[in-house]
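Can you make the complete structure from the sequences, with help from the hints?
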Amino acid sequence: MIFSAAKKGVIDVWQTKRIIIVYYMASLLTGLLVAYPFSMIVGNFAGNSLMGKKLGGGIDFDFLFEFLGKNSGALSALGGLIIIAAAAFALSLLFLSGGALTVYVSGERYSPGQFWGGAAHYFGRFFRLMLWSLPLLAVFFCLQFLETLFVRLFFGSDPYQSITYWGGWVRIGLAFIGILLYYVVFDYARIHVVVSGERKMRLAILEGIKFAFRHFFSVFLLALLLFVSGLLLLAAYNLISDKLTAPSGFILLLLIAVQQLYVFFRMYLRLTLLSGQLKLYSQLAGQIFL
Amino acid sequence: MSFANRILNRSYFILILLAASTLRAQPVLFQKPLSPRIANYDIDVSMDPKSHLLKGHELLTWYNKSSDVITAIPFHLYQNAFRNNKSTFMRESAGSFGVKDVKEEELGYIEITSIKLPGGEDITKNMRFIQPDDDNAEDKTVAIIPLAAALRPGESAVLSFDFTVKFPQPPRARSGIKDEYIFAGQWFPKAGVYTDGKWNCHQYHSNTEFFADFGVYNVRITVPDKEIVGATGIEYKVVNNGDGISTHYYHAEDVHDFAWTSSPEYLEFKGKAENVDIRVLLQPDHANQAQRHLDALKTAIEYFHKLYGDYPYSNFTLVDPRRGALGTGGMEYPTLVTSGTAYGMPECLRLPEMVIIHEFGHNYWYGMVASNEFEESWLDEGINSYSEYQIMSEKYGPDADFLDFACCRINDIQFGRSQYILAPSTDPVIRYGWEYYSGASYGVNSYMKPGLILTTLQNYLGKETMLKLMRTYFERWRFKHPKTKDFIAVANEVSGEDLNWFFDQALYSNATLDYSVEKVTTTDLPADKGYDFNRAVEGAVPPSTPAQSEKADSAKTGGTVKMYFSQIDVRRIGTFKFPVEVEATFEGGEKVREKWDGQDLWKKFRYLKPERLVSACVDPDGKIPLDANFTNNSKTVQTQRLGINKTSAQLLFWVQSLFDMPELLNLVTFLTALF
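Going down the list, the protein sequences come from chains A and B.
In this text, residue positions in the first sequence follow our numbering: the first is 1, and each later residue adds one.
In this text, residue positions in the second sequence follow our numbering: the first is 1, and each later residue adds one.
Read the hints as simulated data drawn from the structure, not as lab findings.
Given the structure is predicted, the values throughout are model-derived calculations rather than measurements.
Ideal Cβ placement from N, Cα and C applies to all residues, glycine included.
Mixed in with the good hints, there may be bad ones.
In the EDC-like style, the derived pairs of lysine to aspartate or glutamate whose C-alpha atoms are separated by at most 20 Å in a straight line are [to be verified]:
id	chain 1	residue 1	chain 2	residue 2
1	A	Lys54	B	Glu518
2	B	Lys272	B	Glu302
3	A	Lys54	B	Asp399
Some, not all, of what chain B presents toward chain A, calculated at C-beta under 7 Å [claimed, not checked]:
id	residue
4	Tyr63
5	Gly643
6	Thr647
Written out as structure tokens, the structure reads:
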């Protein structure tokens with residue numbers, strides 16, 4: 001069931017490729033919001049220097065330390081911009097998810113009217129849903145502190161460093177699981193809103209929780225499957241990008257192409273998860289809409 | 001004389017006899033003393049296993065080797081820095097060492113319960129606290145005791161102290177106790193140094209603490225049987241007292257301090273390097289790093305021996321501080337230092353190696369040369385940082401001796417410089433330790449900047465000359481408390497050059513060294529417009545090769561070959577004047593090297609060549625790490641879009657990835673917290 005949902009997701013998303021492109025563009029534009037000013041700062045600082053030339057080869061730590069030390073004001077402003085861009089990206093995904101779900105629920109081919117109409121139609125509800133989901137995010141985020149509690153209970157306040165070290169990894173794992181669970185609940189709540197037309201978002205979030213925990217194994221495994229696929233994709237990217245270090249314009253173009261292709265596939269995975277979850281929802285909740 | 005006094009007198013007589021007989025039983029480490037042996041200590045100390053209080057009895061024998069008559073002896077009571085939150089140490093440490101929220105039960109102290117003369121006369125009441133540095137009446141880290149009789153040159157004074165020490169728990173800085181772990185540094189009443197016709201006995205400061213006379217130490221440490229003890233000097237006997245308590249007998253010669261540690265949890269590892277017996281006391285958590293610690297210590301011993309001279313002591317102990325007691329880490333004492341690592345420390349991060357090499361190095365500069373760290377900390381920390389940079393680079397390679405992980409490759413010296421460039425001119429290097437603008441400024445001016453100064457000097461003088469300089473300084477001044485002027489005198493002598501111009505700027509002023517290429521231009525000279533080469537490019541370097549001359553002649557006579565006039569403007573931005581090289585690179589790859597004495601505020605280099613100028617660079621070989629800005633050292637005629645675009649593309653990618661998977665931040669935070 002999980003694999004068939006994932007497979008259906010892969011196929012459906014590929015058949016509506018334009019949605020991936022829209023998602024990718026959202027990522028690119030918000031990224032550029034940060035990267036462009038950064039490029040200006042670096043250009044002003046080292047654009048006409050041999051240090052700038054060395055950057056074509058790889059990270060130069062003399063440059064990095066000087067750049068960070070001597071541009072602290074500009075970098076602080078950039079830090080603020082990163083937060084704004086991150087918020088913009090999150091909101092844009094929230095907005096676009098309404099369109100994507102509308103298209104996937106309809107089972108029809110992509111049409112701009114349906115996609116953007118769906119996006120606009122559900123944005124208000126999804127935004128409220130997000131606000132309702134924040135306490136849930138807090139709860140899931142705190143899941144990682146189970147490790148702290150466990151260590152305190154069994155090893156006291158002064159555990160050996162090995163306990164702290166491995167406990168730290170466990171905490172990281174729990175944090176990932178917590179965030180994954182949050183995304184899962186939030187996704188199913190959104191699916192519920194689109195499928196049922198639910199207008200009360202506190203009820204939608206409850207439905208999301210109920211569904212996710214009633215079918216915990218399936219929904220969690222599907223999310224995990226695609227999460228692991230994402231990690232494999234990252235590993236593949238690293239393997240390739242490690243080879244692309246030579247200071248030449250062609251290699252740089254190749255690197256940028258590989259990087260953006262990676263981001264494109266990340267967006268593909270993100271939509272595959274959404275579409276796969278929809279398939280799973282239809283199978284497990286008995287909803288017939290596909 | 002009362003009966004009680006007579007008894008006391010007899011007790012003291014017996015005590016001195018016992019001490020003398022014990023002395024005879026000590027091993028002799030050096031047939032001929034290496035140092036003047038001015039301050040000599042015979043100490044019995046026992047630790048109460050429950051309260052962790054130390055009870056000590058100390059016999060100080062101080063020789064007046066000056067030409068003055070001495071009437072009083074000041075001595076350090078370092079642990080009183082932790083007596084309250086108003087001591088000079090605590091005031092200076094506000095916000096650091098975790099002293100801000102210190103609770104009363106966590107404080108420490110040293111209490112002198114009695115001071116007696118050999119005749120038994122109790123002179124405790126004559127002791128008074130003094131504050132030679134800041135008149136802070138709340139500070140009780142230095143006390144002075146008037147002598148019953150003036151001490152003429154060549155005479156000696158014997159003082160007997162009874163004292164109690166409570167260490168800070170947990171350790172805030174350098175010394176302290178954390179559960180079963182105890183690290184005892186600066187724990188006994190220690191005499192000041194009589195030098196330049198006066199006593200030099202500074203209070204315990206947040207930044208600095210060391211200056212003492214050499215001597216012989218006989219210390220008997222009584223602790224429970226289960227404890228594993230490490231200390232300065234050699235352990236020549238352990239006596240089991242039969243009640244679950246053992247006494248460890250330690251002896252050290254020609255050292256100026258004594259530290260010890262004990263913990264039942266230590267794992268002991270042994271090794272040997274250059275005939276020095278190595279002992280590593282590791283926390284159980286770090287057992288799998290034993291070989292790493294031994295190797296780093298062997299590296300340190302071998303390199304220091306090879307570079308600077310003989311390590312005369314027969315043993316060395318490396319102590320790994322307990323978790324929660326890292327305040328005692330990275331500290332140096334004679335023949336014993338503390339390191340610092342963490343469970344899971346990756347091999348690619350050579351932090352333990354760096355700390356071990358640095359701390360061992362102190363046994364040369366702090367331990368044997370023994371300059372005044374209170375007043376000229378650079379002579380210890382700075383020279384030692386320079387040594388550390390050299391050894392890290394030689395041992396682990398010049399490209400990534402500190403961090404070698406994937407694309408992150410950082411050198412020790414780069415790491416040091418990263419802190420220096422943030423505040424290159426806040427203070428001059430030479431200041432009393434507590435007079436720097438901030439703790440960060442103390443750090444930069446005592447460690448990193450002097451390390452960079454000496455590396456710059458090495459590149460200026462040449463490696464061989466610098467090695468000879470350092471070796472001469474070490475051999476000539478060990479066991480003698482040299483000052484900065486002594487180092488400079490050796491530098492001038494060995495280099496055969498008056499280097500005062502360098503040291504005046506580098507050590508006694510806050511001058512910043514920063515040269516930059518301000519502008520590079522290259523323009524073609526249109527020959528067909530009757531351009532007068534000789535006038536228009538006055539001062540330009542004429543064509544240097546016959547082929548170029550031919551091209552120039554061709555251009556002058558209206559030929560087809562173009563000539564280019566290129567100019568490089570170099571500026572001295574900082575006030576530090578230093579000779580620099582400038583390299584001009586032309587199309588076709590020709591490189592022209594120029595020398596500039598760097599005295600003026602700017603210098604223009606002009607060229608008339610058939611090739612365009614591509615770039616110009618000050619200090620092209622990177623011989624001046626003291627330069628506070630490398631980025632402005634060069635200019636290119638064309639904008640380097642490739643590098644800028646690559647950096648921006650990388651950032652774009654990571655921003656996109658982070659926005660897509662914000663949970664990655666969690667991992668980054670964890671890894672940062674871990675190391």
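Of the numbered hints stated earlier in the document, which are not met by this structure? 4
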